[in-house]
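Novice: Which chain is which? The protein sequence lines are A and B, in order. If you want my numbering, it's the 1-based position in the first sequence plus 6. If you want my numbering, it's the 1-based position in the second sequence plus 81.
A couple of the hints might just be wrong.
[Unchecked claim] DEER-style ranges, computed between Cβ atoms:
| # | chain 1 | residue 1 | chain 2 | residue 2 | range |
| --- | --- | --- | --- | --- | --- |
| 1 | A | T304 | B | E279 | 41 to 49 Å |
| 2 | B | F309 | A | M7 | 52 to 60 Å |
| 3 | A | F58 | B | R267 | 28 to 36 Å |
[Unchecked claim] List of simulated lysine-lysine pairs, DSS-like, C-alpha gap at most 27 Å:
| # | chain 1 | residue 1 | chain 2 | residue 2 |
| --- | --- | --- | --- | --- |
| 4 | B | K311 | B | K216 |
| 5 | B | K385 | B | K113 |
| 6 | B | K245 | A | K51 |
| 7 | B | K216 | A | K112 |
| 8 | B | K91 | B | K189 |
| 9 | B | K403 | A | K112 |
| 10 | B | K112 | B | K394 |
| 11 | A | K112 | B | K139 |
[Stated by the list, open to error] Computed footprint of chain B on chain A, listed as stretches where at least three residues anywhere in the stretch have a Cβ under 8 Å from a Cβ of chain B:
| # | region |
| --- | --- |
| 12 | 60–74 |
| 13 | 77–83 |
| 14 | 89–102 |
| 15 | 106–118 |
| 16 | 164–178 |
What the hints contain is simulated information worked out from the structure, not anything from laboratory work. Please read these numbers as outputs of a predicted model, since none were measured by experiment. Virtual Cβ for every residue (Gly too), placed ideally from N, Cα, C.
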Amino acid sequence: MIKFKDSINLALDHSLRSNNRLICFGLGVNDPSRFFETTKKLLEKYGENRVFETPTSENAMTGIGIGLAINNYPCVMMHQRLDFFLLAMDQLVNNAAKWHFMYGGKKSVPITIRLIIGKGWGQGPTHSQSLQSWFAHIPGLKVVMPSLPSNAYSLLIQSIKDPNPVIFIEHRWLHEISEKKINKKKIKIGDCQLLSKGKDLTVITYSLSTIEIMNLKKIINKSGINFDHIDLLSIKPIDYKSIKKSLLKTKNLLILDSISNPICSVGSEIISLISRDKDIKLKNTPSMLTLPDISTPTSFYYTKNYYISKKDIIREIMRLTNKQIKIIIDRDLHDVPNPKFKGPF
Amino acid sequence: MKKVSFSKLKKIYENSLKIRILEETISREYKKNKMRCPTHLSIGQEIVAASVGILSKKEDYFISYHRSHAHYLSKGGDIIKFIHELHGLSTGCSKGIGGSMHLIDLKKNFYGSTAVVSSSIPIGVGLALSKQLSKEAGVVFIFIGDASIEEGVFFEALNFVILKNLPVIFVCENNSFSVYTHLSKRQPRGRKIYKLVESFGIKSFFANQSETIKMINTINKVISFSKFSKKPAFIEIKNFRYLEHCGPNYDDNLNYRNNREISFWTKNDAVFILEKYLVKLDKTFNHKEFKDSFIKFVNRIFRKIYMNNKPNKINLKNFVYKKA
Chain A
7 MIKFKDSINL
17 ALDHSLRSNN
27 RLICFGLGVN
37 DPSRFFETTK
47 KLLEKYGENR
57 VFETPTSENA
67 MTGIGIGLAI
77 NNYPCVMMHQ
87 RLDFFLLAMD
97 QLVNNAAKWH
107 FMYGGKKSVP
117 ITIRLIIGKG
127 WGQGPTHSQS
137 LQSWFAHIPG
147 LKVVMPSLPS
157 NAYSLLIQSI
167 KDPNPVIFIE
177 HRWLHEISEK
187 KINKKKIKIG
197 DCQLLSKGKD
207 LTVITYSLST
217 IEIMNLKKII
227 NKSGINFDHI
237 DLLSIKPIDY
247 KSIKKSLLKT
257 KNLLILDSIS
267 NPICSVGSEI
277 ISLISRDKDI
287 KLKNTPSMLT
297 LPDISTPTSF
307 YYTKNYYISK
317 KDIIREIMRL
327 TNKQIKIIID
337 RDLHDVPNPK
347 FKGPF
Chain B
82 MKKVSFSKLK
92 KIYENSLKIR
102 ILEETISREY
112 KKNKMRCPTH
122 LSIGQEIVAA
132 SVGILSKKED
142 YFISYHRSHA
152 HYLSKGGDII
162 KFIHELHGLS
172 TGCSKGIGGS
182 MHLIDLKKNF
192 YGSTAVVSSS
202 IPIGVGLALS
212 KQLSKEAGVV
222 FIFIGDASIE
232 EGVFFEALNF
242 VILKNLPVIF
252 VCENNSFSVY
262 THLSKRQPRG
272 RKIYKLVESF
282 GIKSFFANQS
292 ETIKMINTIN
302 KVISFSKFSK
312 KPAFIEIKNF
322 RYLEHCGPNY
332 DDNLNYRNNR
342 EISFWTKNDA
352 VFILEKYLVK
362 LDKTFNHKEF
372 KDSFIKFVNR
382 IFRKIYMNNK
392 PNKINLKNFV
402 YKKA
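Using the sequences provided together with the hints, build the complete structure.
Specialist: In structure tokens, the structure reads:
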């Protein structure tokens with residue numbers, strides 16, 4: 007069995023080994039917990055010149071990464087929470103995203119920025135934001151959000167090899183997700199994965215929502231509902247061709263955008279694309295499940311009805327397919343990825 | 082400390098004269114509405130860039146901010162591509178995509194200039210780290226203004242430079258204004274920028290551009306310090322821009338600057354001070370020929386553009402991402 011966090015570690019190890027100019031840095035990279043165990047043994051193998059701790063200076067460190075990257079030192083920069091990276095928007099948006107463009111293609115910026123999104127255990131307003139649609143809005147950036155160990159492995163390697171800035175977003179709850187073994191097949195940035203096939207409905211997921219629907223697949227299938235499950239993997243570029251292909255068949259859409267707030271979200275972008283496409287005629291109005299337009303509260307009691315639950319998903323699928331699903335009794339606590347998880351972050 | 086030699090001083094003079102001629106030509110021609118981008122001219126401040134350009138080495142890198150014409154030109158940045166860039170032509174140094182505020186000439190190790198205040202500082206620091214990692218010779222000159230000291234990223238970057246002992250020389254041109262806002266409204270009275278910076282643990286220097294020869298020697302001292310001690314350094318240079326913050330005109334009719342200050346700086350014009358000094362040292366010193374031929378060269382570039390000012394078509398989409 008291999009966990010998501012180990013696949014990230016393997017991809018970093020592979021990349022550092024195959025490119026001796028690659029640099030990795032961030033607060034916590036070499037700390038005792040080794041960045042949620044994703045950077046373990048890298049310091050020992052590649053030394054402190056290539057794998058180093060940084061001052062708590064998100065903005066400058068991003069610029070320093072850009073300076074390295076434009077002078078032939080590709081970088082992986084990492085933040086244990088996405089929220090802290092907001093201090094670096096000037097460097098990301100004004101420089102990393104535009105350097106190749108604004109000097110007429112003279113230099114590109116091969117930098118990969120790993121951002122971790124938190125959820126549950128009271129992560130609250132400033133430890134749980136998932137702002138993939140912010141980043142996707144900026145020309146010049148790519149946004150990648152893996153869901154399983156295999157695609158995380160392949161996509162991290164591809165992101166590092168990419169000559170452009172890539173925002174690589176990991177949901178903290180994915181770190182303990184495991185697969186029997188890693189499938190090392192190359193996945194191109196911009197390609198989605200079709201994880202199951204069916205004619206009743208198209209369900210689009212990414213990152214953690216992929217796991218949420220996979221956990222329900224058996225129950226749904228048992229009730230005679232079969233669906234195309236599209237795991238986006240890449241938010242930008244987005245694989246619209248595959249989405250369209252599926253919708254021409256199922257004519258029925260649920261977007262599980264469950265880690266995101268609703269306004270200008272990945273889900274609303276997909277709905278915008280299909281509503282402007284004259285070939286697509288849906289049976290139902292397209293559906294999307296998101297968080298409310300409210301920041302994440304901290305309290306266990308307040309988050310209970312804040313996150314999208316299994317019940318919410320089942321109910322929506324019953325409505326869209328007009329079929330009954332045997333309602334499950336959900337005994338899982340809503341604020342932990344597994345019963346062993348005791349935070350703190 | 083050895084004083085800067087006559088031949089070097091002569092080169093600095095020619096370098097600053099070139100910049101002034103170019104900038105004055107841009108100021109004049111701007112009114113033809115062919116250069117359609119925000120343009121921050123360096124007139125009055127040329128000598129700092131001109132000195133660093135001559136006293137630094139080819140392998141040193143420059144990185145700069147919005148008022149970067151002088152820095153680009155002093156490093157030997159391609160003049161034709163520069164003027165084409167201002168005209169938005171695809172033959173410009175940034176293919177007309179960047180304009181006046183986004184200049185680059187990698188052949189000359191001018192790594193770029195960009196508009197947001199202090200935004201280019203950490204990039205210069207990253208370039209210095211790349212030099213340190215590859216054990217490459219030379220330092221990175223990071224040009225900044227007095228307002229850079231008001232941005233957090235400057236201190237973040239400074240901290241890292243000192244922490245890693247990176248080959249960086251900060252050149253802070255203090256012209257007292259951030260657009261129209263005087264330093265006294267932005268920083269506490271009596272603060273000395275170079276003293277503040279020094280307290281972080283970096284060797285810092287100060288010079289006043291109106292004492293031109295002394296300033297040139299101080300810049301030389303900073304460069305020698307960096308070379309021999311292998312440590313980063315900071316220099317603050319007090320100077321003054323003649324024209325408006327952005328655009329081709331004088332704007333002192335707006336009365337945001339003190340008359341005494343304006344007349345002090347125009348009376349103590351650094352390019353003329355240096356010229357007089359050179360004549361004093363060598364009665365035969367004559368720059369007329371140099372000046373005339375350079376003016377001709379510049380005028381020819383503008384004329385050619387006016388004769389045929391259509392850019393080649395480029396597909397902007399091809400510049401958003403580099404192809405993998």
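Novice: Would you list, in rising numerical order, the hints stated earlier that this structure does not obey?
Specialist: Of the numbered hints given earlier, the structure breaks none, since each of them holds.
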